[in-house]
Each structure stands twice: as structure tokens, then as C-alpha cells.
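Asks: These are the residues of each chain, in order.
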Amino acid sequence: MEGACMNEYSCFDMIGPVMVGPSSSHTAGAVRLGRFARAIAQELPQKVEFLLHGSFGETYKGHGTDLALLGGLLGMDTDDVRIRNSNQLAEESGLQYEFIATDLGEGYHANTARFVMTLADGSVKTVTGCSIGGGKVLITELDGFPVEIEGVYPTIVDTHLDQPGVIHKITGVLVNYQVNIAAMKVFRQERNSVAYMIIETDQDVPKQALFEIAAMEPVLEVKFVKPF
Amino acid sequence: MVIGSVEALIQLARECGGTIGQAMVKQEAAQQQIPEKDVLAQMEENWRVMKESIATGIQRPGRSKGGLIGGDGRKLYDYCHSDAELLAGANVMEAVSYALAVAEVNAAMGRIVACPTAGSCGIVPGVLKKIQELDHLTDGEIAMGLMTCAGFGIVIANRASVSGAVGGCQAECGAASAMAAAAAVELRGGTPEQAGEACAMVLKNVMGLVCDPVAGLVEVPCAKRNAMGASLAMVMADLALSGVTSVIPVDEVITAMGNVGRSLPETLRETARGGLATTPTGIALNKKIFG
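Residue numbers (the numbering used here), protein chains in the order written: chain A, 8 to 235; chain B, 103 to 393.
Hints in this document: simulated from the structure, not taken from any laboratory.
Treat each hint with caution, since some may be false.
Claimed, not checked - Cβ pair distances, simulated, as ranges:
{"hint": "1", "chain 1": "A", "residue 1": "Val88", "chain 2": "B", "residue 2": "Asp140", "range": "22 to 28 Å"}
{"hint": "2", "chain 1": "A", "residue 1": "Pro234", "chain 2": "B", "residue 2": "Gly242", "range": "36 to 42 Å"}
{"hint": "3", "chain 1": "B", "residue 1": "Arg162", "chain 2": "A", "residue 2": "Ser100", "range": "36 to 42 Å"}
{"hint": "4", "chain 1": "B", "residue 1": "Val104", "chain 2": "A", "residue 2": "Gly114", "range": "30 to 36 Å"}
{"hint": "5", "chain 1": "A", "residue 1": "Gln103", "chain 2": "B", "residue 2": "Gly242", "range": "46 to 52 Å"}
Just so you know, even glycine gets a beta-carbon here, dropped at the ideal spot from N, CA and C.
Extracted from the complex, chain A is given alone in its bound form:
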């Protein structure tokens, strides 16, 4: 929590969150990264490699960051006391996993984890995110695409072909379902290729709205992630 500028804090920022210890950045934040990776995988992966960068790589054993990442991936919340046994629970559910301390390179926050997940159909999904303090996280890459997702709002993550009018069509669906957009960002690597769009909303997005977006021709994939 930064103190340099004045903020409109909630009382529950000071007395909270309820969490399992020992560290809001190395444990609670790590659980949230795991929860996001699970939401992107939309299933428990067959196999996962956790690439741990910086302080995460150096101290993950002592802070239980490994157990926290696994717990999140298994769908546990930050206050779930089963987190301390999440390695056993992962093994029981058949998840193969490996923790690798590594250097992801310059420009990565000291508490960064990358999930390399192999799914049942053999496809591989990668999620990279960092724990920035006080349990807050930032997802910085999806399948190698640079993104910025905080997970504070309900979030739509869509990939579509980069064509004129796609964004208009997608946001039009949200208008029809009276979903208000809090923030929206579009990321792409080059023109006319695949673009990622992250839409943060004030309301939950109804399933039907997501179906309608997914059915659009240029849309490749749509995922909805509740605040995590």
C-alpha cells in the first residue's frame, strides 16, 4: 500500500482482507494469480509449470508461494485454510506440476509468476502476472500478449481478428444487456492479426451476452472472469 498520495480508503482496506498467511504479497497475491490462471484455463490443467521470477523465485518455499499458486489454480480463495496442503490436493486431483525459479528478463516485477498450462486437449495456455503488494495483482501477459488486468472488476477477456467494427459490435451487445463498461483496453501485436480485448464492467455479464459475443464471426474466444 503506497502512502505517498491521499486515497479514499475503505475501512476494510485497513481491517482486512481475511487471508491465510504469511504475506499479502507472497501468499494472498499468489492465490489470486492462481485463481485467474484457472479462470483462463477454464478447467484444471493436466500439467502446469510455474516459472517464478525475482523474489518469488528466491523465497517461494518460505512464504508458501508455491502452495498459494497451486491453491489458487485448484480454485481456492485467499482465506482457504486448505492452501497449506494444496500440494497434496493437487496430487490427489492428478495435476502434474513443477516450480522453476528463473529469470524472465528485465522489466518484470520482482514478484512475477508465469503459468505454462497444458490442457486436456493438448493445447498450451500461458498466463503471466505479478503480485504488487497488499494482495493486489496485475496480469501482464496472456499467451505472450501484453495485457493489464487487475481483477477488481468483472472482466471479459476476448480474442478476435483485428478488423474494423468488431469492438463496436461487442460493446453493442453489452449495451443491450445494460452492462456498463468501467474500463476497456485493446492489445494487438500487429495490424490485421489477432487482438486481445479486456473489458472491465460494473455488473456481472449474463451468459447469454457472452454467447452472443462468442458467436460473432471475427471473435475467436471469449472468457469471463469474476473479480478474483
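Let chain A serve as the given structure and place chain B on it in line with the hints.
Replies: Just chain B now, with coordinates in the frame of chain A:
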């Protein structure tokens, strides 16, 4: 509403004709657009978790994740309930045993309420639990005390910091101790002004306290800093209730604390590159745990 000074907290309490805790309930309800009773119910839920973590740490003490600590809360609790004559008195030492117990539960990956942080999570529950026992207060009344804590926490976060990486341990265990002292004053019938004095007198005594965790873990010296924070809160609450005031006004103390935090070298701000972390024993323990 942005609350940036204890003066503002006292003004809010004056406007609603009550305590700082009561004023914060109104603030939070307005901010979240929910009824005041829902704010208190949510806070009461957090208090229940705090009590659970005290009970866990006392009844089923375990070793921490890094293996450096565990069982001291229970040890002190037993000592408090033996024939031993306590120098600091049973109230203070039982509060300290609770604070240690919660800090140990945190280090063992148990469930706690960050207050304001995980590293300082034992201080407020330790002090408030002892006051609840002493004065036979309801959980609802203690929840009101937690609202007082929150008000002071917000001011400290805004004028200084509540992060060890930014301001050292004074920002975590120091802030928690100041929050607990202010709540203790209001729970025992003191005025909002006296709560402010207690906050000031705590922070004056932790000014410059560094964050130097051995092996980077939230274990040594964190648990015992929670013991310090709980005892200091009770001493300064009594001092404020007796009518003693701080010569330096509380808001100036908090600003000074922020300035001191910023001038601490990075080695003493949670990086485990100074202080106790780099003593021969600290280095040896780090090697033992991480190879």
C-alpha cells in the same frame, strides 16, 4: 471522502456527536452505499476471524512455514496463568500472548485478518480481545473499536504508509500499535482527542523502526514486534486516558513518521539486506532454509 488527518477524524466525531469509531461507520456506509448496520456486521465478521486465530494459536500452536517460530504465544499464555508474578501485569501480558499467537498462526499459513498488514496482524486482535474480556464487551462493541482502528489506519496510510517496503516496520507494527491504542482509548470511554494522543505517543516510540526480516520471512523478528506493538498500545492508551498529551501534535508525528520511512535505506525496508537479517545468525538461518 479522503481522510487525511486525525484532526479530520476528531471533527467527524464531533459532527456526529459520538466517537471516531461511530463517525467511521457513517463514512464507510456512505462510501459503500450500504446501511450502517451492514458495515458493522461485516466488521463483526472480521472480529470473529480474529478471535478464531487467537484460539488457534493458543490451543493448537504449530511451527511456522519457514520453521523459525511457533508456540511462544502458548508458552506466554501458560505463564500468565501460572503462579508467576508478572512484572507487566496480566492484562498486558495476556494481550501480548494473543498477539504472538495470531502472528504465529499467520506464519504457519493459518487464517488471519490483515490489520493493517499480515505481518502486523496480531496487535489489534491481541489488545481488543483483552479489553473484551476485561470490560465484558459484546462483539458489536468490539467491531466499533475496529472502526476506530480503521480510521487511524486510513490517516496513517494517507500521511505516511502502512507498508514495510515503503516505511519500515514502524509503518506496519507501529501503525497497528497506534490503531490499537486509539481503539483502546475509545473502548474504555476516552475522548476522540485522547485517542489521537494515544496514537501520537505510540508512533513517537516506534519512529524509525526498521523492517529487517530474517531470510525475508514474516517470522523473525515480526512475531515479537507484534508483542511489542500490543504492549506499547496498552501503555500509551493508559497514558492518554490519564490525561497525558503529546507535545508534538499527532498529525505532525504521522507526517514525521512518513518522512523517516522514506529516508530509511532500502536495506532496512523489507528487503532482508540489513538489520537482523544480516547478523551472522540471520545469514546462517537464511542458508539453512534456502540453501
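Asks: Of the hints stated earlier, which fail here?
Replies: 2 and 3
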